[in-house]
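Student: First to last, the protein sequences are chains A and B. The first sequence begins at 1 in our numbering and counts up one residue at a time. The second sequence begins at 266 in our numbering and counts up one residue at a time.
Read the hints as simulated data drawn from the structure, not as lab findings. A hint or two may mislead.
[Stated by the list, open to error] Lysine to any residue pairs mimicking SDA-like chemistry, simulated, CA-CA at most 25 Å apart:
#1 K77/A x L20/A
#2 K319/B x G31/A
#3 K77/A x T93/A
#4 K77/A x I118/A
#5 K77/A x H56/A
#6 K319/B x I118/A
#7 K319/B x R37/A
#8 K319/B x E28/A
#9 K319/B x T93/A
#10 K77/A x H287/B
#11 K77/A x D138/A
#12 K319/B x L48/A
#13 K319/B x H287/B
#14 K319/B x S308/B
#15 K319/B x R211/A
#16 K77/A x E343/B
#17 K77/A x L43/A
#18 K319/B x R254/A
#19 K319/B x H56/A
#20 K319/B x E209/A
#21 K77/A x T88/A
#22 K77/A x R37/A
#23 K77/A x T91/A
Model, not experiment: these values are computed from the prediction.
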Amino acid sequence: VRPGTGSTLAICYPAQMAALHRALIVGEHPGMRLLVRLNLNDLPLEVLETNTADAHERVRWDLPHLVVVDLHPPLDKGLTLCRQLRWTPTTATIPCVVLVEGGDLDLREMASEAGATICLEKPFRPLDLRHTVQVLLDSSGRMDSLYNDNSTSGNSGDNDSPGFDQDEAARLDGVKLAARTAHHLLNTPLSLALGYGELLAEDPRLPDELRAMAREVAGSVESAATLLQRLVRVSRIRERDPNLPGGAILDLARSIQEAPNGVIL
Amino acid sequence: MQPADQDQLRLAGVQLAARTAHHLLTTPLTLALGYSDLLAEDSRLPPDLRALAKEASDSIVIAAAYLRRLIRIGRIVERDIGLPSGLVLDLADSALEAH
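Turn these sequences into a full structure, and let the hints guide you.
Tutor: As structure tokens, then:
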């Protein structure tokens with residue numbers, strides 16, 4: 001209190017009253033957090049972000065209406081956060097969107113079991129993320145799992161095709177190891193590039209000529225991501241182009257086995 | 266089969282997949298990088314959009330660098346990063362020059 005100026009009374013409202021809806025983005029990769037934030041900019045949301053280590057404390061303090069977790073190895077912290085959300089009475093009904101590496105059904109199942117309301121595969125389209133967040137916020141309070149079952153991958157590693165022998169099994173094991181590695185390493189940069197490309201392409205300030213370029217960026221990155229996902233699904237070795245300088249490459253179309261009903265084995 | 270033979274076959278499989286990834290992804294990544302660089306340098310774009318284009322370009326450069334490292338693999342050294350689908354290659358220790 002300063003004499004002659006009256007007194008000042010500061011009233012602190014609980015954080016959850018400050019905005020209609022609040023989302024917390026959790027992840028280790030600042031670029032991915034920024035991408036999610038930019039994608040949510042059009043929604044009437046207050047968007048907060050934090051790393052995984054501080055996330056549970058932030059959730060308890062800020063009580064967001066929705067949490068977006070970028071699940072990135074090591075997975076235990078992100079999965080633990082999902083479980084903590086579900087086990088804590090004050091946070092148990094907060095919808096949790098988990099961003100997972102595309103094509104890994106095991107990862108999606110782990111996230112779902114840990115308490116993810118919905119899993120989105122990286123790279124994701126900005127519209128998908130926005131729509132998901134909008135739907136979850138519109139139906140807040142609902143905790144039925146909205147797990148988005150997209151059973152297009154799945155690769156047991158078993159191979160009982162004729163002529164499959166130990167040599168091919170060892171080579172196939174190597175192919176899968178490299179494919180897994182490539183997928184793991186490239187998923188984040190491709191997700192970021194696709195996300196930024198899509199954001200650019202959607203911006204109304206872009207002249208048409210430059211919008212076409214932005215669409216080319218997004219389209220090309222999406223094409224690369226799709227090829228990478230197909231590589232992870234290889235379940236037998238069929239080669240093509242033996243005269244390429246480095247040697248033959250995999251014929252993806254013939255190396256991914258499909259059952260008669262169209263399900264990928 | 267002897268363990269050494271099995272290792273050689275696994276390595277051949279790794280190199281086959283790496284070659285495939287490099288062959289298939291190089292063209293789309295080159296296109297994406299070229300266009301994102303053009304956008305990042307275009308003065309008609311507001312600074313915030315140029316920054317987005319630069320971020321896209323940087324991400325593509327990182328992806329391309331990983332691809333180049335993948336095709337230099339000369340032996341298999343694995344590491345566990347907690348992926349449920351299995352181990353991944355340790356690129357630093359698996360590269361030809363790490364021998």
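Student: Under the constraints set out in the numbered hints, which ones does this structure not fulfil?
Tutor: 1, 6, 9, 10, 11, 17, 18 and 19
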